[in-house]
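Novice: Starting from the known structure of chain A, fit chain B onto it as the hints suggest.
Protein chains: 2
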Amino acid sequence: MSVKFAVLGHGVVGSGVVELFYKNKKSIEKRAGTEMDIKYILDLRDFPDSPYKDKFTKDFNDILNDDEVTSVAECMGGVEPAFTFVKACLEKGKSVSTSNKELVAEKGDILLQTAKEHNCNFFFEASVGGAIPIIRPLHRCLAANDITKVAGILNGTTNFILTKMYNDNMPFADALKLAQELGYAEKDPTADIEGHDACRKICIISSLVYGKHVYPKSVYTKGITQVELCDVEAADVLGYAIKLVASVTKLDNGKILPCVMPTLVSYDNIMAGVNDVFNAVLVYGDGVDQTMFYGRGAGKLPTASAVLGDVIETAKGTGTVLSQTWESASDDSFIENVDSYTSRWYFRVPADTEVDLGGTYSHDDGISYVTDEEMTFAQAKAKADEIGALAFMPVLE
Amino acid sequence: MSVKFAVLGHGVVGSGVVELFYKNKKSIEKRAGTEMDIKYILDLRDFPDSPYKDKFTKDFNDILNDDEVTSVAECMGGVEPAFTFVKACLEKGKSVSTSNKELVAEKGDILLQTAKEHNCNFFFEASVGGAIPIIRPLHRCLAANDITKVAGILNGTTNFILTKMYNDNMPFADALKLAQELGYAEKDPTADIEGHDACRKICIISSLVYGKHVYPKSVYTKGITQVELCDVEAADVLGYAIKLVASVTKLDNGKILPCVMPTLVSYDNIMAGVNDVFNAVLVYGDGVDQTMFYGRGAGKLPTASAVLGDVIETAKGTGTVLSQTWESASDDSFIENVDSYTSRWYFRVPADTEVDLGGTYSHDDGISYVTDEEMTFAQAKAKADEIGALAFMPVLE
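These protein sequence lines are chains A and B, in that order. Take 1 as the starting number for the first sequence in our numbering and just add one per residue. Take 1 as the starting number for the second sequence in our numbering and just add one per residue.
So that you can see chain A by itself, here it is in the shape it has in the complex (with noise of 0.2 Å):
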């Protein structure tokens, strides 16, 4: 028997794809146990010069009613017409593994559902940090644990942007800038450094996590936008690195508290050496303690990689539903409010404030401390507008 499947979409991501399966397809056909093979690429575009060019259709339904294809997987990224398109396939019992993060973030639950209702799988191992497994080793290595939080490095782009200003003194405007001539960032930017990117990669985990459909309306997000060199230089002598840490936290009132925010992070934190490009997700369980997952959150052949993995998971299958999946939430009373947001602060406050603490750097732009005790996040943006802060962030240890 040989497992066929189809690749949607011949982007960057698809035809990552396409060049990786056919790069190490007996390797891949030994983990999977079976034969395997593409049979379509669907593209509206024409690529007349590709090896696999008798593979490509324009037309959904070649795929959709073809009951040979028994697994898709879904490369066009945006939430239509991919959300129609998977969902018909799953209906169809055919298994779909995306690297879609806005279509797993806007539409997890209602997939996963039709995925159950139809006895096949969904997979979104690549939506969530590129190369990086962490849906699984989430889902199933750690299901022994209480995961009382989790906090990741979850978008390549600003992780590189932040790393220049620290490296290299550039200017955010800079950073940015050769962010774009590197084909880091795109010419909007914006999903990246508002941080609307990290906000949806969070979404997923804290869905994953704790079991109800988190939507990214729901989350405080907040970018690397107003992040000075200054901040970076100062939280660099007091021992920490600015990273934009998105992170959801399990409340003892039972709630969620998932959001977004430049954060300084701790030398002693692992998480403190992730640079460039690159993404991490740290995990706390009762269990484990603290684990790391480390690695590309973009790119062509580590986000193919991740969804290749995905499929092979697919071909292996008998069928049978695994429980990777969470419910809708009919409403958001189960997220906690940022206010509530605990940690020690960054603040930045005028040159000519009196501050009577230890620690505290003067420079030319003010000066930088930490506080010694928690706030509340509420509290924290009471007292930057008591004081004049001229900025201010969490802190994570």
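Note that these hints are calculated values from the structure, not bench results. Small disclaimer: the values here were computed from a predicted structure and weren't measured. Be careful, since some hints might not be right.
What the hints assert, rightly or not - Straight-line Cα separation of at most 30 Å, DSBU-like style, residue types lysine-lysine; simulated pairs: (1) B:107 / A:116; (2) B:149 / A:316; (3) A:255 / B:300.
To be verified - The following residues of chain B were derived to be distant from chain A, with all beta-carbon distances above 10 Å: (4) 24; (5) 87; (6) 119; (7) 144; (8) 236; (9) 313.
In this text, a Cβ means the ideal position worked out from N, Cα and C, and glycines have one as well.
Specialist: Showing chain B alone in chain A's frame:
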């Protein structure tokens, strides 16, 4: 239906499995998709004060002959009687999950074969990297990759000692003594400090990744007893941290080269920041580029967490044997001799040696430098003899 399992051994890991299971029973059962309970705990000792004292037995046959027990957690350690017990369980179709790296490194091929023949599973996530999910991600999520190298810090005791030498200028002997006082090192620390423990773990990883059983006796293993404080300090000046690195490299000639050696890890490598008793495994693949798994490599609850993750997996199992397996090896002709190990090298030579190199560092105990070019272990050793080197170690960029 309720899945009943047994725990063999009530030492550190075994008691952790029992404790963590009852602490998180509800969420574990949700993840497993079935009710679960521990029916037996095997130990020769009495535990009259245990809340689970009615579950204890001293007779392995109680477990073996009880058909209701479908899954077994082996937490005894050592090759025997663990091997006999585990094999007997598998032959009865009972899946086994183990934390016993000695057992897997010496007998993994036989036990995997037995499991296959009896349509059950032999899982060993906890045998490498404690709480770090590495076996399953390596096997599944990275299935699409051609894995070119795996390098890890796989022994927490030696990493703690090296961290103390680095952070606190503590000589090796004092750091070892402290590790023993803190319970990180055993009274007889040979297996840790001579690299045998790391060797077993890289054997397991090598076997899994490359498909043939690698025995510890085929692996060149050098521990940290000869690492001196002056080398740790010199490495730091040159931009490296000394770590006990266990690695396996796939060579162009198709052979693999597993080995364990104290190694200078570049500060540009995320692994240089892995400190104290933490472990990490860095995987290099053609798709993922590099991805790292990090966490507590040992300890009661971290290891128990990994064992339980496997037990949950067996509970979900449909009896299907997953292809997480490898073949026996009739000889070790597929393993390359360490003489071919290629990297840049660190040398420390007597102070009166003429060294014509940039990047040298002169100190009280000689002159330290890293070669500009790569050479093989055999070449480095010959050179070390020729120049009367006081120390030489490979470099991991």
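Novice: Should the label of residue 236 of chain B as a non-interface residue stand, given a Cβ cut-off of 10 Å to chain A?
Specialist: holds (15 Å)
Novice: Far enough from chain A: is every CB of that chain over 10 Å from the CB of residue 119 of chain B?
Specialist: holds (13 Å)
Novice: If I take the minimum Cβ distance from residue 313 of chain B to any residue of chain A, is it greater than 10 Å?
Specialist: Contrary to the label, residue 313 of chain B does not stay out of reach of chain A, its closest Cβ about 6 Å off (not over 10 Å).
Novice: Are the Cα atoms of residue 149 of chain B and residue 316 of chain A separated by 30 Å or less?
Specialist: holds (26 Å)
Novice: Is the claim that residue 144 of chain B lies outside the interface with chain A correct, judged by CB distances over 10 Å?
Specialist: violated (3 Å)
Novice: Are residue 255 of chain A and residue 300 of chain B close enough, with their CA atoms no more than 30 Å apart?
Specialist: It holds: about 29 Å lies between the C-alpha atoms, which stays within 30 Å.
Novice: Do the alpha carbons of residue 107 of chain B and residue 116 of chain A lie within 30 Å of each other, as the hint requires?
Specialist: violated (39 Å)
Novice: If we take the beta carbon of residue 87 of chain B, is the closest beta carbon in chain A still more than 10 Å away?
Specialist: Residue 87 of chain B clear of chain A: closest Cβ-Cβ about 24 Å, beyond 10 Å.
Novice: Just checking, residue 24 of chain B versus chain A, shortest CB gap more than 10 Å?
Specialist: Since the minimum Cβ distance to chain A is about 5 Å, residue 24 of chain B lies within 10 Å and the statement is violated.
Checked against the numbered hints given earlier, this structure breaks hints 1, 4, 7, 9; the rest are met.
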